[in-house]
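K.L.:
Here are the chains, one letter per residue:
2 protein chains.
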Amino acid sequence: MKKYIAITCMWLLMFGFVHAQELTSPNGKLVMKFSLQNGGVPSYTLIYKQKDVVKPSKLGLELKNDSKSLLGDFEIVNTKSSTFDDTWTPVWGEVKTIRNNYNELEVTLNQKETNRQIIIRFRLFNEGLGFRYEFPTQKNLNYFIIKEERTQFAMAGNHTAFWIPGDYDTQEYDFTKSKLSEISTLQANARSANLAQTFFATTGVQTSLMMKSDDGLYINIHEAALINYSCMHLNLDEKNLIFESWLTPDSHGEKGYMQSPCTSPWRTVMVSDDARDILSSKITYNLNEPCKIAETSWIKPVKYVGVWWEMITGKSSWAYTDQYPSVQLGITDFKSAKPNGKHAANNANVKKYIDFAAKHGFDAVLVEGWNIGWEDWFGNFKDYVFDFVTPYPDFNVQELRDYAKSKGVKLIMHHETSGAVRNYERHLDTAYAFMKNNGYDAVKSGYVGNILPIGENHYSQWTINHYQYAIEKAAQYKIMVNAHEAVRPTGIARTYPNLIGNESARGTEYQSFGGSKPNHVTVLPFTRLLGGPMDYTPGIFEMDISKLNPDNKSHVNSTLCNQLALYVTMYSPLQMAADLPEHYDRFADAFQFIKDVAVDWDDSKYIEAEPGEYITVARKAKGSEKWFIGNVNGEQTRTSAFTFDFLNADKKYIATIYADASNAHYKTNPQAYTIRKVVVTNKSKFSQWCAAGGGYAISVVEPANAADLKGLKILK
Amino acid sequence: MKKYIAITCMWLLMFGFVHAQELTSPNGKLVMKFSLQNGGVPSYTLIYKQKDVVKPSKLGLELKNDSKSLLGDFEIVNTKSSTFDDTWTPVWGEVKTIRNNYNELEVTLNQKETNRQIIIRFRLFNEGLGFRYEFPTQKNLNYFIIKEERTQFAMAGNHTAFWIPGDYDTQEYDFTKSKLSEISTLQANARSANLAQTFFATTGVQTSLMMKSDDGLYINIHEAALINYSCMHLNLDEKNLIFESWLTPDSHGEKGYMQSPCTSPWRTVMVSDDARDILSSKITYNLNEPCKIAETSWIKPVKYVGVWWEMITGKSSWAYTDQYPSVQLGITDFKSAKPNGKHAANNANVKKYIDFAAKHGFDAVLVEGWNIGWEDWFGNFKDYVFDFVTPYPDFNVQELRDYAKSKGVKLIMHHETSGAVRNYERHLDTAYAFMKNNGYDAVKSGYVGNILPIGENHYSQWTINHYQYAIEKAAQYKIMVNAHEAVRPTGIARTYPNLIGNESARGTEYQSFGGSKPNHVTVLPFTRLLGGPMDYTPGIFEMDISKLNPDNKSHVNSTLCNQLALYVTMYSPLQMAADLPEHYDRFADAFQFIKDVAVDWDDSKYIEAEPGEYITVARKAKGSEKWFIGNVNGEQTRTSAFTFDFLNADKKYIATIYADASNAHYKTNPQAYTIRKVVVTNKSKFSQWCAAGGGYAISVVEPANAADLKGLKILK
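Heads up: the protein sequence lines correspond to chains X and V, in order.
Our numbering puts the first sequence at residues 21 to 736.
Our numbering puts the second sequence at residues 21 to 736.
The shape of chain X in the complex, shown without the other chains (with noise of 0.2 Å):
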């Protein structure tokens, strides 16, 4: 039910001696002050149990051929306060209802000089804050292009940081812990290779950014809906430890093109003692409009396999000949070419993927590689590299997909663009309508390289239109979006839930191309999973990548019951299992787990976290009284302890333990797990020693009949 209480306050400023504004968190712990400083300069505070948290902050815009800008020289016209409480129902989520309960503050400033408005939207969360300028229609500021968005976020003291270096073009970063005042000596170091990245000062980061204070304060910069508009990066001043917001440019440097009337993003803080307060906020999606889409039936979670890990790992290959020094679609002739034997994408491996996900109860089954031009699909600036439509000589679209069907199972679409934009579009209706026509209705797409039209980045104003461009576009044609390279989410989901997934993170492949940190996982949901979804394709078994490809050196440094967490910690809407058939035929007993976990909630409860060490998380599958519970361990052995109080009261549950052995390691003895069922109730304390990189995953789940109790003994 829908309450909402506005109260209306006109503050009418003659003499400009009233200048402090407050906004209270619904629970009082946080406290927003807005102001204006000398010179008319907007600010900001945030209090949280009456400690600064953002001191005074500055706020503005510095734009193009306009020496005022929007920095300085206001004078508040009004304001307006008001309530807003209200709970509504994503399509899949974490859980199944979400309050959007928030105090709102709307200063509206006007600059004299140039007798310009602004307004600034402050909605005060029980998790933390969000802002965002608004420029109404108005004479005076019509068309306008930002130099600099010049928004601050002031630290209050020298926190730990949990960041990726800043760059214009990828997130495929392992995160370097450490505090704010070494970000710049350890960015050299942070920045590991990657095929399309632009860095832009070594005092630079990425959201979303989580840090915590020396005195156990958790605090998390973000933004929300992002949509028309470049994406923000944060630069530190070092000295004052202040953070200022810093937009991904276009080809000359300008940083947005504007017209009344437009918003920028929400811009979040996120403020908590317990650090489980901001892996279950749900501002970023409270902070974008509603569902746009009518009809939203034909989106559904998805749990799939496919033809990829053997790719990513270099066992196989995404192409389909070696003869050619390169390709060009429409005048190479692909039938005629020599096979290179290693073409992974053909009938006969797809079906046998297509049967393995039949038999395992799995949805559907991806297949990248299948259409031509993946011989030389990415570095060379190529415009036409891709037509998303023809196959290769030995994948058959229409056998396939009378095959998936019969077997009850779909294939997932795989459109890699590699960073060529204008491409895309121009086949983007084709390429859509010939998913519709062959029975696919989730695409995976990728932008790997670097982006066309030369001079644009993945995180710049032009290529997030685009992006938004593909995401609308595919709802009208009912179909569901997985992005990956492109920008990271900001709950833009809630509007459209066709986007059901993106990467925009360093993702399971990384553990292929020389792994990623033990700990990695146990960062990631306090950052890349604050905006949406991630398909981090989990579940790799074989940790040894050179048993599938000797020259692959590479080690998954990640138990294999970490593993199994993760189809609970790193929320997804789209899970993938994502190893070899084979390789989960080996541990059918652990794959039992994946195959039972679902992919979509009614409830989820954050048990224990804490960024870069640990994170525990029981769900509540959908429709159902299953419970999924994951915990996944950072580089610390340790022990686990929780209780099931979430389960029903005065009822017996079994629940089927899959953890690390005692000795197992995720570089030394990843694959030495236990399985053990117990029975569980309401009081039963469970505990749990975890391995380093390591983890436990526990499928919950009533009994059929008292008969299944038998033999097993109850969990105190």
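Incorrect hints may appear among the rest.
Same chains, same names: a pair is fine if it fits in one copy or spans any two.
As the list claims (entries may be wrong) - Taking lysine-lysine and the DSS-like style, the derived pairs with C-alpha atoms no more than 27 Å apart in a straight line are: (1) Lys-312 <-> Lys-355; (2) Lys-159 <-> Lys-335; (3) Lys-493 <-> Lys-456; (4) Lys-642 <-> Lys-705; (5) Lys-159 <-> Lys-355; (6) Lys-358 <-> Lys-159.
Derived from the structure by calculation, the hints contain no laboratory data.
None of these values were measured; they are calculated from a predicted model.
Put chain V on the given structure of chain X with help from the hints.
P.N.:
The following block gives chain V in isolation, referenced to the frame of chain X:
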């Protein structure tokens, strides 16, 4: 009939002592010599009647990240000579059939250190040379980026040139006539203002470049078949009088993204001691691929009027309302907006033009300003500026479509893109389909303002790729295209004859923007028109623009007869009678020529020509015995004289001669003209005084019967 003789010569260069290759034109007057200079640098020389026209000039390309580039260290591995002689029939043109006759030399070069090959292909016609680089598919030259093409044209003297400033975005300049050595000094003056312009050097000029040597030789440098490559400018080494190719860069300064197999466009050098040979040369078309459109009956020359000049002069507006600071498509409510009362594209006004067209036998009516978005249509870097399908409230698409049809008149569509190229491509299919559904089969497109994406220019490879995409897609829809502000044509219309026009030079509108030089139209056929027709939109009868709009003090620097002559001298399959109907009503007798003149031809004879001074041409209407003669005159008054020897022998014709009155002058007395009818035969000698900025137009018809000749004098 096609005669193809291949003579293959294999030169095996064991010791590298055979250096020079020679190629002669079919009539022997032109000789091209190719050789390798010291260091294996390819070089060519062009000789006309035993004198150097192009002194030894280097060939090659500088590549990115390639220290060797393709500049030297070559050896000749093969040469092949051949002859081609064929006749083809254009869909529309100055002549019914075009002979394509050349001698060809194909030179294969191998770069020794890198072991990669390029081919330079030379074709020597009677009127000039064409050559291009070819990059065969090979491992050692696969993907490469051009930093600069280094094709030189070493001039044999300090010629007089007719040039416009080198500019990546526009050709809309008056021509400057000067010595080559004076170009840099005069550049500043030549650089008149334009909405989008990007200069690169005071020694830079554009193609085609027309020159005349001190000893009366006419020389022209241009390019042909500009497809998937960057547009070439010329940069002059003033000291040595060597022009070098200067390609248009992208936002990173790169000049071309190439993938073998591929070619550069053809670079052309036309030479003759007779200026008329330059005008009548078909080299540019002959170097293009044959027509790729299978069925061309839908491609038809068009004579049209339009709702346009009244906006250009400022009398009316494209925009519908002045109510808002700016508009946003899909958000702004035009139906409730207050009309500004000056919107010309309204139902009543369009019907007036349809009636006028029907009454006077015009094929079509162009209407600009019919679709929403004109309120802030340029200068704002606006992406979603037009949707190409939504009309203003006072323009009823269906009503006007039906009205035009009932009058036997077509409407010409208008797609102003404002340079927002991605937006145009996103809407292109919808826009073209809308045209077909509403009876439009021709579109005038425009690219006013800066190209979006930012960093691209009108003449960069990326944007040229777009123009080609729009043309080829239009052909799929059976739509004819007249692209304004696009790259200058380079003979592409042989391959895609649905490209019936471009502007891409300073057109008639500039007479309303302050005026053009009175001899402008005596230069354009030597420069801009060599690559394809120009939609010059002539036919202005009221030279004092303040009579249309008191705030516009421009004066059309042309006599009325010069305007009539343009329908003959400025060849185009698309000809507009651009003025307002009321001005034609006022001079109905002169207007008769415009009504009578053909737009498609079986034959054309250039009678006399001097760049910057005068052009006289006679053309025979397609499928008819009618002839039309036009003369445009420059600043110097003169008497033009010729014999009607192109008429059939032993026949009498009636010639209607529209000529400057004896006191006419483009500035002081432009509307003074005489009309007289005489009888002519193929022995008749014609002589006519021409005013400054004047000229004459003659229509010649066979008499319907002997009575028509009564009372008319015979011109002896």
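K.L.:
Evaluate each hint against the coordinates.
P.N.:
To see whether the hints hold, each was checked on the structure:
no. : hint                : in the structure
1   : Lys-312 <-> Lys-355 : between (44 Å within a copy, 25 Å between copies)
2   : Lys-159 <-> Lys-335 : between (62 Å within a copy, 25 Å between copies)
3   : Lys-493 <-> Lys-456 : both (13 Å within a copy, 24 Å between copies)
4   : Lys-642 <-> Lys-705 : within (25 Å within a copy, 97 Å between copies)
5   : Lys-159 <-> Lys-355 : between (61 Å within a copy, 21 Å between copies)
6   : Lys-358 <-> Lys-159 : between (65 Å within a copy, 17 Å between copies)
Of the numbered hints listed earlier, not one is contradicted by the structure.
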